[in-house]
Amino acid sequence: MAVVGHTAGPELSAHTGPLGALARAQYSALSRMRWSMFRNSLRSNRGAMELGARSVTLILYSLMGLGLGFGLGLGAFAMTADNQLQILPALFWAVFLLWQVMPITLASFQEQFDMAGLLRFPVGFGAFFLLHLIFGLVDISTIMGALACLGIWVGISLARPGLSAWTALALGIFAVFNVFLVRAIFAWIDRWLAQRRTREIVGAIFFVALLSLQLLNPAFHQGDHPGNHGEISSKTRQQGMRYLMLANSAQRWLPPGLAASTVERASCQRPGEAFEGMGVLGLYMLAAGSVLAARLRAEYRGENLGEAPSRKKAERHSGKWLIEGSGPMGAVMEKELRILTRALPLLYGLLAPLLMVFVLSGLYSKGASIAGHPLPIALLISLAYAMVGFTQLFYNNLGAEGPGIQILFLSSTPIRTVILAKNLFHAVLFIVDAVLVCLVASLRFSLPSPLVLVATAAWLLFALLIHLAAGNVFSLNMPYRINLGRMTRQRGSQASTLLSMLIQLAVLGAGAGVFALCSVFDRLWLAMPIFFAMAAVAAAVWLRVLGNVDALANRRRDSLISTLVKTD
Amino acid sequence: MEIAAIQTHGLTRRFGALTAVEDVTLSVAQGQFFGFLGPNGAGKSTTIKMLTGLLEPTSGSIEILGQPFSAGSLDLKRQIGVVPEGMALLGRLTAPEYLRFVGRMYGLDNATTNRRTEELLDFMHLADESKKLVTDFSHGMQKKLALAAAVIHGPKVLFLDEPFEGVDAIAAGMLKAMLQGMISRGATIFLTTHVLEIVERLCSHVAIISQGRLVANGSLEELRAGVASSLPGAESSQRLTLEQIFLSIVGADAQEPAQELSWLS
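Protein sequence lines correspond, in order, to chains V and Z.
The first sequence maps to residues 2 to 569 in this note's numbering.
The second sequence maps to residues 7 to 271 in this note's numbering.
One should not assume that every hint holds.
[Said to hold, decoys possible] With the Cβ distance kept under 10 angstroms, some of the chain Z side facing chain V (calculated, not the full set):
no. : residue
1   : GLY72
2   : PRO74
3   : SER76
4   : GLY78
5   : VAL88
6   : ASP174
7   : ILE176
8   : ALA177
9   : THR247
10  : LEU253
11  : SER254
[As the list claims (entries may be wrong)] Pulled a few chain Z residues facing chain V out of the computed Cβ check, cut under 7 angstroms:
no. : residue
12  : GLY16
13  : ARG20
14  : LEU32
15  : ALA35
16  : LEU61
17  : GLU62
18  : GLY66
19  : GLU103
20  : PHE107
21  : LEU132
22  : ALA133
23  : LYS137
24  : LYS138
25  : LEU139
The set of hints was computed from the structure by calculation and includes no laboratory data.
What you are looking at is a predicted structure, and each value in this text was computed from that prediction instead of being measured.
Positions of the beta carbon are idealized from the N, C-alpha and C atoms, including for glycine.
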């Protein structure tokens with residue numbers, strides 16, 4: 002036995018910081034580890050499918066990023082060539098919002114490495130910070146943000162080559178600021194979500210923010226009645242201009258404005274002022290980096306946010322049932338409800354459609370008509386968006402079970418009953434969400450005709466049943482373990498996400514297509530029976546899938562258990 | 007005076023309202039096989055996490071090999087090996103890949119890492135499973151791999167959190183021999199386990215933690231003598247097993263009498 006009890010052999014110095022020999026060896030070890038994990042993941046069919054889905058996703062988003070970069074580059078070129086650099090901040094703000102908002106919408110779509118596992122090794126804080134930045138640097142938001150910045154740089158450089166170096170410097174600092182900020186936001190959100198009290202506070206703030214957004218739109222259109230449209234619009238326009246000027250003077254001191262003003266000042270041959278702007282931008286970058294470092298420092302020191310109950314004996318009480326009725330169906334629904342109320346990311350997904358309705362209302366509230374009729378598709382799109390929030394619930398309905406999946410197989414209740422209970426619970430939840438979306442949409446777009454309403458309801462029934470049926474198949478064939486207390490650092494399954502997105506697009510396309518065809522032939526009433534017929538077919542498919550659930554679950558039992566229980 | 011391998015002063019960790027570990031002061035001499043016992047939820051794993059830099063103490067201090075220890079003590083981290091709670095394995099690697107990763111994370115050069123990886127796989131009887139992913143290992147095999155990873159860099163202090171849980175008798179015997187070999191070469195082992203027979207057989211010193219507080223600390227003989235003198239029947243201290251000592255100190259007698267379960271009677 003040559004190893005145990007002996008002192009360590011040839012070792013590298015631990016004292017040379019994040020770029021020292023030990024740190025470099027650790028980076029190399031981590032890279033090899035990631036490569037091995039990637040290579041090993043291809044051993045299974047599922048792994049190969051995941052790789053395919055990831056490649057498709059990356060290509061799609063890279064193409065989107067290239068398109069965005071091209072568009073922004075074109076805009077930057079035009080602004081620079083026309084000497085209209087005072088409107089350049091608009092482009093930088095677009096990039097900023099994309100960089101910061103996109104990761105929230107893609108949180109469950111991207112895999113991140115949990116760095117806490119490295120703390121038992123002699124990893125210095127500098128290396129820990131650097132690794133946190135490097136892992137996930139090739140995520141979708143960074144790729145798109147970087148392509149957008151590249152587009153702006155190319156656009157400005159082509160129009161005025163003399164501004165190339167200034168633009169590169171400003172964009173470089175701006176990009177690093179964005180990377181720091183988005184990481185800091187997520188690191189803090191994860192920290193807040195880890196504890197019940199802060200989770201509730203964040204949830205309350207989020208809910209108030211959503212309500213505020215809903216109230217913002219009517220406030221903007223206050224007094225915007227058809228009768229006095231012209232007069233009030235002019236007043237509103239003046240008021241709006243005042244707000245806009247105020248916002249413009251404020252945004253100049255914020256990072257996107259500072260980055261843009263650096264380029265603008267450099268173009269006016271005012272290098273001192275350009276350096277000044279860049280300096281303040283650099284300070285923002287350092288501030289964002291410090292906020293991130295403060296969070297990571299706490300993690301590095303061995304922070305544990307787990308909540309342990311007090312050792313004092315709890316009062317004995319039997320607890321209240323949230324869902325009445327005994328038996329497995331009631332038990333499963335009760336469990337689902339309790340888990341849902343404790344999972345902020347899921348609640349976010351369910352409430353996000355209201356936010357989308359607000360956004361859509363901005364697009365359609367004025368021109369919400371084709372030839373004077375309310376746009377039936379607006380409601381359809383709102384409801385389709387509502388369904389996106391249910392993707393994880395529908396398509397990975399066993400993911401939150403974790404090791405508890407074994408109980409489902411051990412109990413005398415057939416898996417079909419469990420899945421049926423989950424389907425019913427999710428359907429009820431979706432109907433509540435859909436009614437809320439309809440109410441908000443009706444207030445924004447004006448009330449749709451009863452015909453459109455009934456036809457949309459029929460489409461909704463069809464869509465719901467299709468998603469439940471497909472979701473059950475996906476949940477049994479491509480499950481993945483999820484941690485409902487986290488926004489980031491989730492494993493996820495890109496194949497499942499991508500395929501479910503395709504199904505959602507197809508379902509929406511079918512609805513929009515039927516509506517469009519019926520509108521073209523001026524037979525909107527026909528949409529109703531067509532959707533009901535489609536719903537009947539979907540119901541048959543769902544029942545058939547449900548009938549096969551037990552057989553499928555038994556066939557997939559080993560894989561299901563190992564996937565949901567296994568060591569990461 | 008010889009420097010202690012592990013020394014804590016007033017070590018405390020709170021989680022909100024709960025004080026998981028309170029004012030723990032203990033000293034483990036170099037070359038000692040130290041058993042750290044306690045009932046479920048007593049604070050054993052929390053203590054190990056603090057001693058290995060995985061959890062920041064709320065207050066108190068830790069010294070390892072005579073030097074103050076914190077999460078940033080890189081040189082000290084290279085002197086300690088850990089089998090943490092949950093083992094912290096990477097399921098999508100094979101055993102050789104995982105050991106090579108760990109070796110390099112501890113700063114061993116490639117040649118040494120490779121050589122030790124092979125030796126450890128042979129020693130743990132895992133060499134035949136070198137193509138298998140860790141996630142497909144049995145629980146016992148995962149334990150053996152976690153232990154192999156904890157010793158690949160030749161640590162002077164080894165922290166083991168339930169290392170024998172799920173390990174078969176043959177492997178357990180082999181691991182015990184390995185650990186005793188480490189002790190004979192001067193290493194220090196800090197062990198937590200619920201298997202009191204193992205502690206009785208391996209450990210020279212034992213500490214018992216209950217509800218976050220250290221309630222006993224000393225050699226097995228000292229604990230036996232202390233418990234024997236406090237027992238009304240004055241049973242011979244030589245006949246007391248560690249289980250009896252443990253139950254006596256932790257106060258199982260004082261706990262509520264077991265109630266009969268109505269539906270099982």
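Checklist line | THR247 of chain Z as an interface hint toward chain V, with CB separation required under 10 angstroms | finding: 28 angstroms, violated
Item checked: Interface hint status, PHE107 of chain Z versus chain V (Cβ within 7 angstroms) -> 5 angstroms, holds
Notebook entry, point to check: Regarding the hint that GLY66 of chain Z lies at the interface with chain V, is the smallest CB-CB distance below 7 angstroms?
Noted result: Nearest chain V Cβ about 13 angstroms off; hint violated.
Margin query: Would the hint on LEU253 of chain Z be counted as holding, given a Cβ-Cβ threshold of 10 angstroms to chain V?
Written below: It is violated, given that the least Cβ distance between LEU253 of chain Z and chain V is near 20 angstroms, above 10 angstroms.
Notebook entry, point to check: Was the hint right that PRO74 of chain Z lines chain V, CB cutoff 10 angstroms?
Noted result: 14 angstroms, violated
Next item on the list: Grab the minimum C-beta distance from VAL88 of chain Z to chain V and call the hint holds if it beats 10 angstroms, violated otherwise.
Entry: This hint holds: VAL88 of chain Z lies near chain V, its Cβ roughly 5 angstroms from the closest one there, short of 10 angstroms.
Notebook entry, point to check: Going by Cβ atoms only, is ALA177 of chain Z closer than 10 angstroms to chain V?
Noted result: 15 angstroms, violated
Next item on the list: With chain V as the partner, please determine if LYS137 of chain Z meets the hint condition of a C-beta pair closer than 7 angstroms.
Entry: 10 angstroms, violated
Notebook entry, point to check: Should the hint that SER254 of chain Z touches chain V count as held when the rule is a Cβ pair under 10 angstroms?
Noted result: With Cβ-Cβ at 21 angstroms, over 10 angstroms, it is violated.
Next item on the list: With chain V as the partner, please determine if ARG20 of chain Z meets the hint condition of a C-beta pair closer than 7 angstroms.
Entry: Violated, about 10 angstroms.
Checklist line | Residue hint LEU32 of chain Z, partner chain V, criterion CB-CB below 7 angstroms | finding: For LEU32 of chain Z, the interface hint is violated, since the closest Cβ of chain V sits about 19 angstroms away, which is over 7 angstroms.
Item checked: Status of the hint placing ALA35 of chain Z at chain V (closest C-beta pair under 7 angstroms) -> Nearest chain V Cβ about 17 angstroms off; hint violated.
Against the hints set out earlier in the document, violations occur for numbers 1, 2, 6, 7, 8, 9, 10, 11, 12, 13, 14, 15, 18, 21, 22, 23, 24.
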